[in-house]
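Given the sequences, and given the hints that come with them, work out the whole structure.
Protein chains: 2
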Amino acid sequence: MTSGASTPAIIPVTAPVIALDVMGGDAGLADVMAAADVASERYPRLRFRLHGPEARIKAELARCPRLSTATIVHTDEVVLGTDKPSQALRRGRTSSMGMAIDSVKQGAAHAAVSAGNTGALMAMSLFALRTMPGIDRPALAALLPTLKNDSVVLDLGANTECDAENLVQFAVMGAAFARTVLGLEKPRVALLNIGEEELKGTDEIRDAAALLRGAALPMTFEGFVEGDKIGQGNVDVIVTDGFSGNIALKTAEGTGKLVVGLLTRAFQSSWLTQLGYLLSRGALRALRAHLDPNAHNGAVFLGLNGIIVKSHGSANVLGIANAIGVAHDLIVGNVGDRILQDLANFQAHRPAVADDAADAAETVGKA
Amino acid sequence: MTSGASTPAIIPVTAPVIALDVMGGDAGLADVMAAADVASERYPRLRFRLHGPEARIKAELARCPRLSTATIVHTDEVVLGTDKPSQALRRGRTSSMGMAIDSVKQGAAHAAVSAGNTGALMAMSLFALRTMPGIDRPALAALLPTLKNDSVVLDLGANTECDAENLVQFAVMGAAFARTVLGLEKPRVALLNIGEEELKGTDEIRDAAALLRGAALPMTFEGFVEGDKIGQGNVDVIVTDGFSGNIALKTAEGTGKLVVGLLTRAFQSSWLTQLGYLLSRGALRALRAHLDPNAHNGAVFLGLNGIIVKSHGSANVLGIANAIGVAHDLIVGNVGDRILQDLANFQAHRPAVADDAADAAETVGKA
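Protein chains in written order, with my numbering: chain C, 1 to 367; chain R, 368 to 734.
Treat the hints with care, as some may be off.
Think about it this way: if two alpha-carbon atoms lie no more than 27 Å apart in a straight line, the pair counts; the simulated DSSO-like pairs of lysine-lysine are [as the list claims (entries may be wrong)]:
#1 LYS553(R) to LYS515(R)
#2 LYS472(R) to LYS451(R)
#3 LYS624(R) to LYS553(R)
#4 LYS148(C) to LYS257(C)
#5 LYS186(C) to LYS148(C)
#6 LYS200(C) to LYS186(C)
#7 LYS624(R) to LYS257(C)
#8 LYS257(C) to LYS425(R)
#9 LYS451(R) to LYS257(C)
#10 LYS624(R) to LYS515(R)
#11 LYS472(R) to LYS148(C)
#12 LYS567(R) to LYS553(R)
#13 LYS200(C) to LYS624(R)
#14 LYS84(C) to LYS567(R)
#15 LYS84(C) to LYS105(C)
#16 LYS451(R) to LYS200(C)
#17 LYS105(C) to LYS58(C)
Quick list of simulated restraints, FRET-style, between CB atoms [said to hold, decoys possible]:
#18 ARG580(R) to ASP136(C): 28 to 38 Å
#19 GLN641(R) to GLU165(C): 23 to 33 Å
#20 THR587(R) to ALA295(C): 35 to 45 Å
#21 TRP271(C) to PRO500(R): 50 to 60 Å
#22 GLY214(C) to HIS716(R): 51 to 61 Å
Heads up, incomplete: computed chain R residues facing chain C, CB under 8 Å, no partners named [to be verified]:
#23 ALA376
#24 VAL380
#25 PRO432
#26 PHE494
#27 ALA495
#28 THR498
#29 GLY598
#30 ASN613
#31 LYS617
Hints listed in this document are in silico derivations from the structure and should not be mistaken for laboratory results.
None of the values given here were measured: they were computed from a predicted structure.
Note that the Cβ used here is the ideal one computed from N, Cα and C, for glycine as well.
Here it is in structure tokens:
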């Protein structure tokens, strides 16, 4: 376990530049620019490249005093929410989304932020930026609210099927995300599984666990975690394939809505409960704020040669500003170099897993 | 689509007998017997075989007047919560759980109900009863609360990986469950997926959808459903492999607890919200009752030659009585014959799926 003793220090980025697709999402250009303005107040060193129709951007700049230093990159073209990834790949390169990605590729920006079509953003980013050395597949990561601090969950739908190697790479990327965005020195990482015992789950998950258990990485590997533990906040990074991750994320969303729906119905059941509701409104607002997707906005495609942040399509100004904040933290914390360094360390001290797995299988046979 | 025109009518069972493992679960013998007494009040024709220590059962009978007709099958042996399935298979046959299953195998009971060790119950049931003709793997099904009526979800963890054929069999079994327990004539069935478009998900899921779309079955196939739709109650049966099903079920449980935890914290934040809580208590109790696992108790192993119902280990008297009620409904509704008939119909009018899938693949290539 000689993690990183001889590795060079990560150099923070001091003049972060974000390429912003001002045309993506339901919010519209004015709100996306207002969000950039809010983010500029939070992070005064942040600079923007604004991708979209120049005349409309200029008209809006009057209301966004902090964006006076922004570079405008004109385009009238837009990727629609209904465009298929294949259509976006063929025709989207000169769209606001495509050009924001291109800004990252050309080195004119450190990160791109878009609230547009997820599939198109993922396909175009992968095509333009390619995966980092040592990463086979990028993963979609996001923050989820828990009873304690937010947790990072990945992959949320980029990869339907994953092998052990993919899962290990996701763990490395998720930990780097937690270190840069959540500010944790040694995040607790676990694999999502259907039981906590060592022999539960698929071969891929068990092999990934064996690799992570013996790895020299700046994280604490906590083994397996079940779905009911996601909300408890006892681990910082939850690693899973894109199918299960998507199911878990959406089931959590759906259950949250179910409980809130039942609660609303319950409060309307009598004049007494309606009065109770009036008195408790402040508390219920705080609950809603804690669960508000805008407070946890900013899903990230990790593992590309460049940072791509997807803001939720229905995010409001503060939500988009939070997504820009995530991009800012990933740039300043130099998430890319961290991932490269951790992967190099992992490969240099790679645990002998084939043996472990064979041993475990033998033990089962004997039981 | 000539579903069932020439098939014989299903004959209801009029004298249902349930083999009850009185030693399973946290509740203890007295509560399990009290639950049987409650169920006897609800279903006066129900008869019991009580498996456990005779002296203790007899002592308890004084408090359970409706169980006077019960047969007692003595055993002092018990499967522990910590026993592995392999241990239960070797040593559990003469335990209260093993003998309850044996009662079903010997034809002395139509169903067995146990609140004991899930893995042991599953392994012993499969070994003793075997799968029904036409079923490759049994599935664990349960009821989940939604904004409308309960939904059936399966598989919840019996099978980590499933092919298209398994998923179709789960759909047939889940629909038969919904018809007998929820009383629906033509349940709406959907496959859990990471998107609703026809080309989303794994090959297994897409192939299963193609098979179900063309099948002559007493259900309405609704295509794919995402995790956030589980709580809405717009479909009656949600079909998935045991890995995703377990993740979804536990994530829903965990999120429910998270929201209730945050709510409790919110209500304690000031004297005003505490007063609001006091006034709303009735409504919040109703909410808790709606989500109470005891109200939805009774997971079923479907696809075996016999009905096996697993009561939640932490269920109370009413919860166990509900699990017994589920067993009662499955017996009386003759779920086994329904499944056999539907499978026979499905195979007789089996849709040509390989062609459909090839067509779809071609379309994608051209897109």
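Query raised in the report: Are the Cα atoms of LYS624(R) and LYS257(C) separated by 27 Å or less?
Result: It holds: about 13 Å lies between the C-alpha atoms, which stays within 27 Å.
Query raised in the report: Is the hint on PHE494(R) kept, meaning its closest Cβ partner in chain C is under 8 Å away?
Result: Interface hint status for PHE494(R): violated (16 Å vs cutoff 8 Å).
Query raised in the report: For the pair supplied as a hint, LYS84(C) and LYS105(C), is the alpha-carbon distance within the 27 Å limit?
Result: Judged against 27 Å, a Cα distance of about 22 Å means the pair holds.
**Report entry** Cut-off 8 Å, beta-carbon criterion: hint that GLY598(R) touches chain C
**Finding:** holds (3 Å)
Report task. Take a look at whether the Cβ-Cβ distance between TRP271(C) and PRO500(R) falls inside 50 to 60 Å. Result -> Hint holds: Cβ distance 59 Å, inside 50 to 60 Å.
Report task. Answer holds if the nearest beta-carbon of chain C is closer than 8 Å to that of VAL380(R); otherwise answer violated. Result -> violated (34 Å)
**Report entry** Range hint compliance [Cβ, ARG580(R) to ASP136(C), 28 to 38 Å]
**Finding:** Holds, at about 34 Å.
**Report entry** Holds or violated: LYS567(R) to LYS553(R), with C-alpha atoms at most 27 Å apart
**Finding:** It holds: about 26 Å lies between the C-alpha atoms, which stays within 27 Å.
Query raised in the report: Is the hint on PRO432(R) kept, meaning its closest Cβ partner in chain C is under 8 Å away?
Result: Hint on PRO432(R): violated, closest Cβ of chain C at ~37 Å, above 8 Å.
Report task. Assess, step by step, whether the Cα of LYS472(R) is no farther than 27 Å from the Cα of LYS451(R), and give holds or violated. Result -> It holds: about 22 Å lies between the C-alpha atoms, which stays within 27 Å.
Requested in this report: For GLN641(R) and GLU165(C), compare the CB-CB distance with the range 23 to 33 Å and indicate the outcome.
Outcome: violated (53 Å)
Query raised in the report: Holds or violated: are the alpha carbons of LYS472(R) and LYS148(C) at most 27 Å from each other?
Result: violated (49 Å)
Hint compliance for this structure: hints 3, 8, 9, 11, 19, 23, 24, 25, 26, 27 and 28 are broken, all remaining hints hold.
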